[in-house]
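Novice: Using the working numbering, the first residue of the sequence shown is number 48, and each one after it goes up by one.
Hints may contain errors.
[Unchecked claim] Below, a list of computed lysine-lysine pairs in the BS3-like style, where the Cα atoms sit at most 30 angstroms apart:
1) K160 with K92
2) K101 with K66
3) K66 with K223
4) K128 with K140
5) K159 with K91
6) K223 with K160
7) K66 with K168
8) K91 with K101
9) K223 with K168
10) K91 with K160
11) K91 with K140
Since the hints were made in silico from the structure, they are not lab data.
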Amino acid sequence: HGLSLVPCKSALWLNFEGKRMGPRPLVTAYDTRFLVERICQEPKKYSWQLLNRKIALKEFAISGSEHNEAMRDKKLIAFLKNVLFGNRALVDKILQNCPDMIAADTLEELVKKMNALTGDKAVRLENVRQAMQQYDAGIEQGPPYADEQHRRILHARQWRGDRVRTCNLQKIGDPKAGPFIAIREFVLSRKSLGGIQTDLESRVLTHPDAAGQQQAIPGLYAVGEAAGFGGGGMHGYRSLEGTFLGGCVITARTAGRSIVGRKLE
48 HGLSLVPCKS
58 ALWLNFEGKR
68 MGPRPLVTAY
78 DTRFLVERIC
88 QEPKKYSWQL
98 LNRKIALKEF
108 AISGSEHNEA
118 MRDKKLIAFL
128 KNVLFGNRAL
138 VDKILQNCPD
148 MIAADTLEEL
158 VKKMNALTGD
168 KAVRLENVRQ
178 AMQQYDAGIE
188 QGPPYADEQH
198 RRILHARQWR
208 GDRVRTCNLQ
218 KIGDPKAGPF
228 IAIREFVLSR
238 KSLGGIQTDL
248 ESRVLTHPDA
258 AGQQQAIPGL
268 YAVGEAAGFG
278 GGGMHGYRSL
288 EGTFLGGCVI
298 TARTAGRSIV
308 GRKLE
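Given these sequences and hints, build the entire structure.
Specialist: Structure representation (C-alpha cells):
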C-alpha cells in the first residue's frame, strides 16, 4: 500500500541518517534499477528526498489517474497551467494528508519532524546541512559543474518535455523557494513479473505431476504481466514501463486466436 511517486530530479537523495547517497548521485529517470539497488544497500530500507516548495511545485508527481485529474479529464488548460506554474493542489493535498511528506521553515525544524516520524534520532542535522550546502555551493560556482546531479539535470533540460518539468539548477537552501520539504520513500513494486505458467497459446498450465509433466487447464487463459510478459524475462533487468504494453498485446492476441481456433498470422 502506498503512492507511486515520480521522484524530483532536483531533490537531494539522502539515506536514513540524512547523508547524501553516493558517490554516484541518485537521479530519477536515468537508471531506476541502480536507485533501488543503492537504497537496498542501506541498513534501513527507506530513504529521504530533500527539496523545497519551488522544486515540489514544478517536479513533484504521482503515478495514477486519481492524482492527475487534468490529464485524466482531458482538461488541456488546467494541464498546461499545472505544468507551467506548478501543481499546487497536488503538493498541498499530499502535505496535508501524507505523514511521509514533511515541510518546515528551517532545517532544524525539518530534521526534528523527520526524526519524530521515524521514532528515532537517526537523521543528523549536520549531515543534512552539509549535503545541502555542498550541493548549493556547486550551483553557485557555475560551469563547468563537477556534481553529476547538476550535469544530469542540465542534460534532461535539453528536451522540451523535461525542461518544463525540471528546475534549472534550483538551490535547496534558497530562502525565496521555501519552505523546506522532506519526503520519506520506500521501494514499491507495482509490476507483476509473472507467476502464472502458460503454454505458447496462453493456456494456463497445471502444477507439474510426479513425472514433471504439465497439462493445459481447459478454458483458462492468462495474458500480459500475470503470465510473465510484462517485464519478467522478456525485457531483461531494465525494462521501460512503456514497453510492457507490447507483451500484453501479443499474449492477448495469442489467447484470442487460440480461443477461436485460428493460427496466429
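Novice: Each of the hints needs a verdict: does it hold here or not?
Specialist: So, going through the hints one by one against the coordinates:
Restraint check for K160 and K92: the C-alpha separation of about 19 angstroms stays at or below 30 angstroms, so the hint holds. Restraint check: the Cα-Cα separation between K101 and K66 comes to about 22 angstroms, which is no more than 30 angstroms; the hinted pair holds. Among the hinted pairs, K66 with K223 is consistent with the structure: their alpha-carbon atoms are about 24 angstroms apart, no more than 30 angstroms. Pair hint K128 plus K140 holds up; C-alpha atoms about 17 angstroms apart against a cutoff of 30 angstroms.
Between K159 and K91, the direct Cα distance comes to roughly 19 angstroms. Compliance with the 30 angstroms bound is thereby established for this hinted pair. Note on K223 and K160: the hinted pairing holds, with a Cα-Cα distance of about 22 angstroms set against a maximum of 30 angstroms. Between K66 and K168, the direct Cα distance comes to roughly 14 angstroms. Compliance with the 30 angstroms bound is thereby established for this hinted pair. Between the alpha carbons of K91 and K101 the distance comes to roughly 29 angstroms, so the proposed pair stays at or under 30 angstroms and holds.
Under the criterion of a C-alpha separation no larger than 30 angstroms, the hint pairing K223 with K168 is consistent with the structure, at around 29 angstroms. The straight-line distance between the Cα atoms of K91 and K160 is roughly 18 angstroms, inside the 30 angstroms bound, and the hint therefore holds. Pair hint K91 plus K140 holds up; C-alpha atoms about 28 angstroms apart against a cutoff of 30 angstroms.
Hint compliance for this structure: no hint is broken.
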